[in-house]
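Those protein sequences? They're chains A and B, same order as listed. Residue 98 in the numbering used here is what sits at position 98 of the first sequence, and the numbering runs on without skipping anything. Residue 1247 in the numbering used here is what sits at position 247 of the second sequence, and the numbering runs on without skipping anything.
Each hint should be verified, as a subset may be incorrect.
Simulated crosslink set (BS3-like; lysine-lysine; CA at most 27 Å straight-line) [unchecked claim]:
1. K159/A to K87/A
2. K1073/B to K1323/B
3. K1323/B to K88/A
4. K159/A to K88/A
5. K159/A to K1326/B
6. K159/A to K1323/B
7. K173/A to K1323/B
8. K1185/B to K1244/B
9. K173/A to K1185/B
Bear in mind the hints are in silico, worked out from the structure with no lab data behind them. Bear in mind that the values here come from a model prediction, so they are computed numbers and not experimental data.
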Amino acid sequence: MRVNAMSCDVVKMGNAMQPALSSHARRKQPIWAGFVASLVLLLCVGTSRPARAELYTGLDAAFTMDALLGIGSVVAIAGNAVTLAQKKPQRGWMYAGFIFGAINLAMGPIIIVYGRGDIEPVVMPDGMRVHGQDRPDIGYGLGLAHTALAVTSLALSIKNAVLWHRLRLEESKVNAEPVASRTFSNVQLAPLVSRDLQGGALVGLVVTGQTF
Amino acid sequence: MPVLLALIVPTSAQAQRLSVPSPIRPAPTQAGAHCLGEPRNKLTLEHTVAGSINPLGIGNIVRLGWCTPLIRKPGLLFDFTNFDIGALFTNSPTDVNLGVQAFLSPLSILVLRAEATVFYIWPIPLQGAGFITVNSPQEFTLARLSPDPTGFNRMTGQPEVPATTAYGGRVMVGMTLQGQVPLGKRLDIAAAIGANIEYWSLSSSALSGLPLGGGFYSARRDVILLGSADWLVMSTAALLFNIKIHRNSSLKIGGVNDLAYVPSHGYLGNIAGGLLVWNVANLRQLAKNFNLFARVGTFTHHQFRSGITIALGLSIVYELVPKPAKLPPPEPMEPAVTAPAASGDPSASPAPSVSPSDAAPAAPQTAVPPAAVLDPPQPSPAAGR
């Protein structure tokens, strides 16, 4: 079964879902829409592989590398989406997003331009192999999928980076004055021998501590 | 005019086409700037993406490196000494490489380099892609680099050997001399020259029928290597003017020359061109040494290529360890001046506030771009275009 990646209109899909979302969900919609879009694109990438075995030599390796980079971008998108939703950006996910985003951004247009040719030869009755039909669907599908993954990945990473920097600025604004600590320090124990108001013996232990 | 010999980034000398990222060595702004401008151990992740036209190619380099200061003795000759070792991963539409890479700077002006990688090459139906054999170095032609993937010449219908797959290993050692002289408050001049020696060894079914004197095409170096293993010498020289357009940003303009020489059959290839690099030393402590670069050159020596060659790319370094330090607390702001209502006097507007981000310390400037900038990655999926 072969699916044309171009038929996956993620933008339309996202718009169609919007009215049904609550206002709370709508606030997070860009994040989850990006995540869902990435998964859909991954499916498009994966299912647009030709199922026939008679590929030109090397194309299986090329498609494998292609898929690995696409999956890497999807994972980076997922990580960035989650950390962005939690408002806890992490540098590792941001870096992954930048790296896979840059790679996929470079790959997309190249595949669109140079990846529309035939991918499997036709064997003639006399044994001669000739070129098969050009496959612009694969070129456009894969190229657009990589481009969409790249844009999503970079957008989420940049958004996280902006939030990361903002949080650091807010952190630096926190008063540097010493604040009360929950931790006792300089804890001392001392025996207590005394008498109470009625003159009775009072024996105990005094605990003293200090907080900052 | 004070003349100061300082260091620059270690460049990796390479030949016509590219290759590996270099260690990260920032600029001569302070003593003890061993690793990314600081005298401390660092774990870094360096990423470079670059492509070229004539020959057509694109590549990606990721390097995870650990840098440690080497000689902490104060002094210009030692301020940038370090040892940097890391894992290297490069890929392109037609190959993947995995290996280790190490840099040793016993002096600020000297960088020694060693690299070992294993790789796998595969063809795609584009010119120049994959493992292509030649019966002799004279077959280094555009036509031979464009074998038809069907195994039959598209024009003549005659059988021809198509591109196929191969795997192998590559070892490189090299050294770079580098220096930088300030010419003014905002202008430096930097120079670097390096030489590398590479040894390639491959295994492929296509090598079995190769006649004596035959060889294969190395797309990454754009040369023909003989037999199943051969040596290659490369050299890169660069002279750059570094214009500081901002305390955190600079523009580098200059010339670069890339040479490749194959001793086994005396082949020489050379590209001379101009290099333009926009460098941002510190991207809000999230990344360092961001470089956007463009190289435009021409082939002074080549078997068949001529005309203009263009390379574009970006290189960026992420500092994984140590974590970015906390930002300094914002300076206490003076009370804002209250604008008189309806005064109509534009000069009476409130005083602008200072963003805390402006208080971030400026990172040292890098005089010469990393080697990956001087030699952008250039796997060539379509060498013939």
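Tested hints:
1. K159/A to K87/A: Holds: K159/A and K87/A sit about 10 Å apart, inside 27 Å.
2. K1073/B to K1323/B: OK: K1073/B and K1323/B at ~26 Å, within 27 Å.
3. K1323/B to K88/A: 16 Å, holds
4. K159/A to K88/A: 12 Å, holds
5. K159/A to K1326/B: 20 Å, holds
6. K159/A to K1323/B: Roughly 20 Å separates the two Cα atoms, so the pair holds.
7. K173/A to K1323/B: 19 Å, holds
8. K1185/B to K1244/B: 8 Å, holds
9. K173/A to K1185/B: This hinted pair is violated, its Cα atoms lying about 33 Å apart.
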